[in-house]
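These protein sequence lines map, in sequence, to chains R and H. Under the working numbering, read the first sequence as residues 11 to 267, first letter to last. Under the working numbering, read the second sequence as residues 40 to 297, first letter to last.
Worth flagging that the hints you see were computed from the coordinates, not collected in a lab. Just so you know, not all the hints are guaranteed correct.
[What the hints assert, rightly or not] Footprint (simulated), chain R over chain H, 3 or more residues, beta carbon under 8 Å:
| id | stretch |
| --- | --- |
| 1 | 52-65 |
| 2 | 120-128 |
[Said to hold, decoys possible] The following residues of chain R were derived to be distant from chain H, with all beta-carbon distances above 12 Å:
| id | residue |
| --- | --- |
| 3 | 17 |
| 4 | 20 |
| 5 | 24 |
| 6 | 51 |
| 7 | 107 |
| 8 | 109 |
| 9 | 153 |
| 10 | 162 |
| 11 | 175 |
| 12 | 194 |
| 13 | 229 |
[Stated by the list, open to error] Distance windows between CB atoms, simulated:
| id | chain 1 | residue 1 | chain 2 | residue 2 | range |
| --- | --- | --- | --- | --- | --- |
| 14 | H | 165 | R | 172 | 29 to 35 Å |
| 15 | R | 17 | H | 153 | 47 to 53 Å |
| 16 | R | 26 | H | 177 | 43 to 49 Å |
| 17 | R | 111 | H | 208 | 48 to 54 Å |
| 18 | R | 17 | H | 165 | 40 to 46 Å |
Keep in mind the model is a prediction, meaning the values are calculated, not measured. Beta carbons: idealized from backbone N, C-alpha and C, even for Gly.
The chain contents come next:
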Amino acid sequence: MTRDFRARLLPPTLFILAIVALWEIACRAGRLPVYLVPPPSAVALALISQAGPLFGSALLTLGSALSALVIAIAIAVPLALLSALSPTVDRAIKPVAVTLQVTPIVAVAPLAVIWAGLDHPERATTALAALAAFFPIFSGLLTGLKSADPDLERLFDLYQASALQRLFRLRAPAATPFALEGCKIGLGLSIIGAVVAEIAAGSGGSQGLAWRILQSSQQLRTAETFAALTALALLAVGLNALASLGEVYILRLWRGR
Amino acid sequence: MVDTKAPLPPDPVAALINVEASYGGRRVLGPFSLSLAPARTVALVGPSGCGKSTALRLLAGLEQPYSGEVVRRLGVGDTAVVFQAPTLAPWATALDNVALPLRLRGEAVAVARQRADDALARVGLSSATRLKPQQLSGGMAMRVSLARALVANPRLLLLDEPFAALDEITRRRLAEDVQRLTSELRPAVVFVTHSVEEAVFMADDIIVMAPSPGREFARFAFAAETPRAAHFRTSTSFRDQVETVSESLAAAMSEGAP
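For reference, chain R alone in the conformation it holds in the complex (with noise of 0.2 Å):
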């Protein structure tokens, strides 16, 4: 444990900390004003004067990010099914898929706004996450489910198989892994389709970490708005560490060590 902390932790430890280092130095000998580039300190106070509105919003795009990770498991997965099945459904809806890929979220993010209604702004932040967290899982599904072991294929010929004996019995168990990783990134994009449905919607929008950014920035508090993407920093990169360890744990069970 002790090797294992100093061979991997310690390093970006350290760097981290000369970094912030470095920058209290430089406010506080640069005589920055605070609402420029706030120190560290500052920004640390925000953080603890500000723990609870910060837990209480980090919830809110939790929850936008996690239901729009389902929503788009749930849509993403029969289509991907679908598409596997019949080539017709594949070629109809795959130029759907890519265009919506391609089209960037922030664009789109007015409409979302629009169609949720002032009533409901976490709507428009839950459907821009699905749609952003939409593509990698339904293309990395459908990658797997054509990835099968040729020779495994011709095994299932030879057998005469049928089509859904087919698919649930070789290519949905070997599309595993790239489902996972499809999930994976979908996870890491729903953060970012919900903080872009968030700074869209504005002051009107649901109250999670990017609003504060926004609300904090506008009203030059600027330390605040460093507390808060420190938040949303250590959210997503919370969220990655547990969607890698889920990933490796399936896969473990999947694969059998």
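Given chain R's structure and the hints, the job is docking chain H onto it.
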């Protein structure tokens, strides 16, 4: 030593009659004929590109010939293939991999697993039923693959260089096991190989093939006891047969060379 074009057996399990196969307009096999009888092993020996694997896929019904006729007096599930790689599903246990052919034809889980368990016992893997492919050695994985091929008592067993990726010791043990199992279950067997020694050890009939396009160069039928045991490898008749086939193979390759 006999070197004859054997007549077709009267009631073959499967046969190729003057088949030709081509890929992208290039003829890779034929005209080629082959007839398979129950409980008889035919080895196809030849250099790469002599159409051995194509002949196997035609017999399996996985490909159609360009011309000629493929006879298959077989039902669904009567044909089994063992590939060069074990070709197991990495997410499934050895038991479930072996049970797959039975599950695909609709047998109940309990029945399929019981028969898979028996099949794994026959290849000496009773203790490995719950392991997944990544936890198996190369030889063990190949045994699981063999158990999967035999679990539904196939009438035609197609072996596509099944020992090519194994070390010498494992290869010999597995060859003996295949001998023992096929003499019990009595399917018609086609064994594709690069190795003259394995062909002589395994087969009743050996067909030496010449490349581009793949065709029969010579055919041998040696009399030897079956199933063959390990001591057959050290006998003088084994060495004589290997020498005879090797000379024929060398001639086939020089004829096929561009």
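Against the structure, the hints come out as follows:
1. 52-65: Violated, because only 0 residues of the stretch 52-65 of chain H bring their Cβ atoms closer than 8 Å to Cβ atoms of chain R.
2. 120-128: As far as the stretch 120-128 of chain H goes, the hint holds, because 5 residues have Cβ atoms under 8 Å from chain R.
3. 17: holds (27 Å)
4. 20: About 34 Å separates residue 20(R) from the closest Cβ of chain H, which puts it past 12 Å; holds.
5. 24: holds (38 Å)
6. 51: Nearest chain H Cβ is 52 Å from residue 51(R), so the label holds.
7. 107: Residue 107(R) is indeed farther than 12 Å from all Cβ atoms of chain H, at 27 Å.
8. 109: holds (34 Å)
9. 153: Check passes; 17 Å lies beyond 12 Å.
10. 162: Given that some Cβ of chain H is not farther than 12 Å from that of residue 162(R), nearest at about 6 Å, it is violated.
11. 175: violated (6 Å)
12. 194: holds (19 Å)
13. 229: holds (54 Å)
14. 165(H) - 172(R): 29 to 35 Å: Once the Cβ atoms are compared, 32 Å apart, the range 29 to 35 Å for residue 172(R) and residue 165(H) holds.
15. 17(R) - 153(H): 47 to 53 Å: holds (50 Å)
16. 26(R) - 177(H): 43 to 49 Å: At 46 Å between Cβs, range holds.
17. 111(R) - 208(H): 48 to 54 Å: holds (53 Å)
18. 17(R) - 165(H): 40 to 46 Å: 43 Å Cβ-Cβ, so the 40 to 46 Å window holds.
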